[in-house]
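Since the structure of chain A is provided, determine the placement of chain B on it from the hints.
Read off the chains here:
Protein chains: 2
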Amino acid sequence: MQTPKKVGITGSGLVGSLLAIYLKRQGHHVDVYDRRPDIRNMEFSGRSINLAVSTRGWKALEYVGIREDIQALAIPMDKRAIHVQGKPVYYQYYGKEGEAIYSISRGVLNKKMIDLAEQAGANFIFNSKVWDVSLSEAILYTGGSEKESWEPQEYDLIFGADGAFSRIRHKMQRSSMFNYSQKFLKTGYKELSIPAGAGNTHKMDKNSLHIWPRGEFMLIALPNLDGSFTCTLFMPYHGACSFEQLDTESKVTEFFKAHFDDVIKDMPELLTEFFKNPTSSLVTIKCEPWTSFDKVALIGDAAHAIVPFYGQGMNVGFEDITVLNQFIEKHGDNWKAIFENYQSERKPNADAVAELSYRNFIEMSSKTADEKFILRKNIEKRFAAKYPDKWMPLYSRVTFSTDPYSHALEQGDFQKSIMDKVMEMDDIEQIWDSQEVENKILQELQTK
Amino acid sequence: MQTPKKVGITGSGLVGSLLAIYLKRQGHHVDVYDRRPDIRNMEFSGRSINLAVSTRGWKALEYVGIREDIQALAIPMDKRAIHVQGKPVYYQYYGKEGEAIYSISRGVLNKKMIDLAEQAGANFIFNSKVWDVSLSEAILYTGGSEKESWEPQEYDLIFGADGAFSRIRHKMQRSSMFNYSQKFLKTGYKELSIPAGAGNTHKMDKNSLHIWPRGEFMLIALPNLDGSFTCTLFMPYHGACSFEQLDTESKVTEFFKAHFDDVIKDMPELLTEFFKNPTSSLVTIKCEPWTSFDKVALIGDAAHAIVPFYGQGMNVGFEDITVLNQFIEKHGDNWKAIFENYQSERKPNADAVAELSYRNFIEMSSKTADEKFILRKNIEKRFAAKYPDKWMPLYSRVTFSTDPYSHALEQGDFQKSIMDKVMEMDDIEQIWDSQEVENKILQELQTK
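Protein chains in written order, with the working numbering: chain A, 1 to 448; chain B, 1 to 448.
Just chain A, same shape as in the assembly (with noise of 0.2 Å):
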C-alpha cells in the first residue's frame, strides 16, 4: 500500500498521461503540466511519425484497463509490404499468425489518453511553462515568461516525462556528475500524406507497414482508420540525394517519379506538403542518472529519446512505467529504493534498443530489398518455427515480447553470428531449407 502523495508531471505525451492514470490508481494527487495548448482543441502538427503499438505498449495499457479503448483506435499490420522499383509489391510477415503491430496517429492517441488521464482524475494544467525545478526539494517554478517571477509549485515527487528536450533533465545536467549524450542523425524525415479512396477506403492494402527502400533513403506509410496513410520520407540533410538538393517543386516532382512512381499519384498534395511540413531531425539522447534525490524521475523520451526505426520509442517509455510500477507495487513507500531498482532495470534497456533502433535503419532502407536478407529471414522463420523454443527472431523478441531490450540484443548478435556462416554454406540458395542447414544452425547454438 502507498501513502498519498503530491506528484507533479511535466509533459502531457503518451508517457505522462499514462503515468498519470496509473498514479491516480494509487492513490496519488497528480498535476500534469504542459507548456503548450491542451491538443484536444487543436489540429495536430505535420511533424509526426505514425505510432506502431506492439506487445510493450499493450502490456502497461492493459495493465490500467484500456487497452480496448486504444485498440479501437489503431489498425493492425501483421507484415511488411515492401515496394522495390520494377517489381511487384513483396509482403514480409512480422511474426507468427496473428501477430502484428497496430498503427495508430500520435494525434489521435495523445488525445485519448489525456481524456483517460482526466478521467482517472489526473489534473491538467496547459498552457503552463516550467521554467526551473528544485531537485532537492521537489518544486517546480512556474510562469509566463523566463525574465518574469516565478510561481513555485511544491511536490512529493515530480516526474519529467517532457520529452527529448526536457527541462528537468535540463536542470540535472547543470549538476555535477550527470553523464549525458545527444547525437544527431545526418538523416532528417518529413511528413506526408496518401488521402482515404472513395468512401473511406484505403487504396494501398491497410494491414501493411509500406516501405520503399532506397538505400540513403526511404518512403513508408502506415495506415489510419479514415482511410488515408501517413507516410514518412527519410532522407539525408545534405549530399547528391538529400532534402537540400529538393529546393523547387520541378525538383520534387521529379524526384518523386524516378523513386517512388507507383505512389506519386495517390499523393495529390505532395508539393504542399513537402514545402508546408519541416524536414525534423532525430536523436538518440543518452543520460544517467535518471534520477535525482529520490524526489524526481525521469521517464519516457526524457529519459531515453531513440531513433524510430524499430518502433519501439512509446512501447519503451510504456515499458518504463510498467518497470516502475512493478517496483511501487514491491516497496510500498519506500521511493529511494523504488527510483533506485527503476533506474538500474531500465537504463541497460534503454541503452539497448537505442542500439536496435539505430541499427534498423539499415535494415529498413536497405536490405529489405535484397534478395540475401530475404533469404536469411526465411531460413531464421523456418528454423524458429520448428524448434520455438531454439529460435526467437531477433525482430519478434523486440516486438512480440516482454524480453528485457539488453537481453534481446545479445541473444540478437548471437543469432546474426549463427546466420553469418550459415549465409556463407555452398549453394545455401538451394539448400535453404534442407536438414543441411537445420543441423548446422543447432550445432552453432551450441557453441554459446
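Just so you know, nobody snuck in bad clues.
Copies of one chain are not kept apart here, so a pair can be met inside one copy or by any two copies together.
Distance condition first, Cα-Cα at most 25 Å in a straight line; then the derived PhoX-like pairs of lysine-lysine: (1) K295 / K129; (2) K171 / K186; (3) K186 / K295; (4) K129 / K171; (5) K186 / K286; (6) K79 / K381; (7) K186 / K336; (8) K171 / K183; (9) K147 / K129; (10) K286 / K171; (11) K347 / K183; (12) K390 / K440; (13) K87 / K372; (14) K183 / K286; (15) K183 / K295; (16) K96 / K206; (17) K347 / K286; (18) K79 / K206; (19) K147 / K171; (20) K377 / K440.
Hint data in this document are derived by calculation from the structure and do not stem from the laboratory.
None of the values given here were measured: they were computed from a predicted structure.
Frame of chain A, contents of chain B only:
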C-alpha cells in the same frame, strides 16, 4: 594578410589568453571576457592539478615568441618516480636524453599569460558574465544577473574559450543537429601539497613526476619553483577505498599511513587541506560542430574537455591555436574556409586524445607498478633506440612530437598488438634484449 576584425573571446584562461595574443599579432581588436575577477589579484584556488607543458604546448608558445617567458616558470621532469610500497623508488624515463615535460602551476601560468596578452594589446574585461550569445550575429549579452536586462556586445567573430562548462557551447547545444556528450569518471580528485624544505629545497627529486600507484587510486606530485610539490589524490567517490569513506581526520591519517607512508611526514597540512579543498570531478566532453555561422568557434576545453592522465589538456588546447593560425595564414579573410578546416582537422584529433587520456589512468595507477609493464616499456625503448625510424613509443609520439593525435592513437594500437605477441614469447624475461625479440618485432612490423 587579414582585414582587422572585432573579436570577442569568452574566458581568460590559458587558451583564451594565448588566442588573444595570436589574434592581436594579426591586427585584430580583441576583447576577452571573464565572469571571474582578475586572477592576478587573488590566491589561486585549491582545485587544480599542476600542468605539464610538452612539445605541442611549447610549439604554440614559441610561435609568438613567449616560450622563454613561460619556461622560466617551469621545472623539467624527465622521468616518472614510482613509489611502490616496500620497494625503493623506481625511475622511468619519459623519453630520450634531454626530453622532458615541464611542471608549472596553473595559477602562475595563467597570471603570466594574461600579462603577456595585455602587453600584446588585448583588452580584458573581468567580472563580466556572458548570459547569452547570438550565434548568427556574433553578439554577446553581458549583465549582472540572469534576470536583469543585458547589454549587447557586437563582434565580427566570437571564440568560446570558456572551458568545460562553456556558455557559448551551451547555446550551440540548444540548436538542432548539435552532437554532444559529457561523461564523468567515477574517480574524483583532491589537491594536496608538500611544502618546501629548508631554503626552498625540494623534499624529493624535483625533476620527476612522482606517482604512488595503488590500483583503484593513486597519488601524484609535481614540483613547483618555490620548492613545494602540488599533489593530487585520485580516488573513487564511492566504494571501499573512496572519498566517501574518508570522512574523519583519523580515517584520513590511517589511510595515508597505510598507503602513502613514505610521504605522509612531508605533508604537515594534510588534514587541513583534505577537508578544506573540494573533491573535484573529472569529465570528458565531446561535441560537434565546433563552429556556427562562420562567426562563432569553440576552442580548448569548451570544444573538448579531457581527463588529465596524459598531461595533454593544455597542450591540445594550445595546439588548437597553432592549427587555427595555420588556416588563418592560409585562407586570409575567408573565415568560412578557416573555420571549416579548423574543425575538420582538429575534431578527430581531439577525440583521439580524449581516448588516450582516458586509457592512461589505468597505465598510471596500476601498470606503472607492474613488472611486466616495465619489461614491455624496456623492450620498446631498446628497439626504438636502435630503429628510431621504425618505432616511436606512444608516449613519445603524444608528448614529444606534433604527430596528429589520431595517428598516434592508431600507431599506438598497432604497436600494442605487436608487443602483446612479444610478451607471449617463451622466457621473455630472459630473452627480452635478444636478437630473437628484435627480429620478431621487425617481422610483425611488416604485417601492417
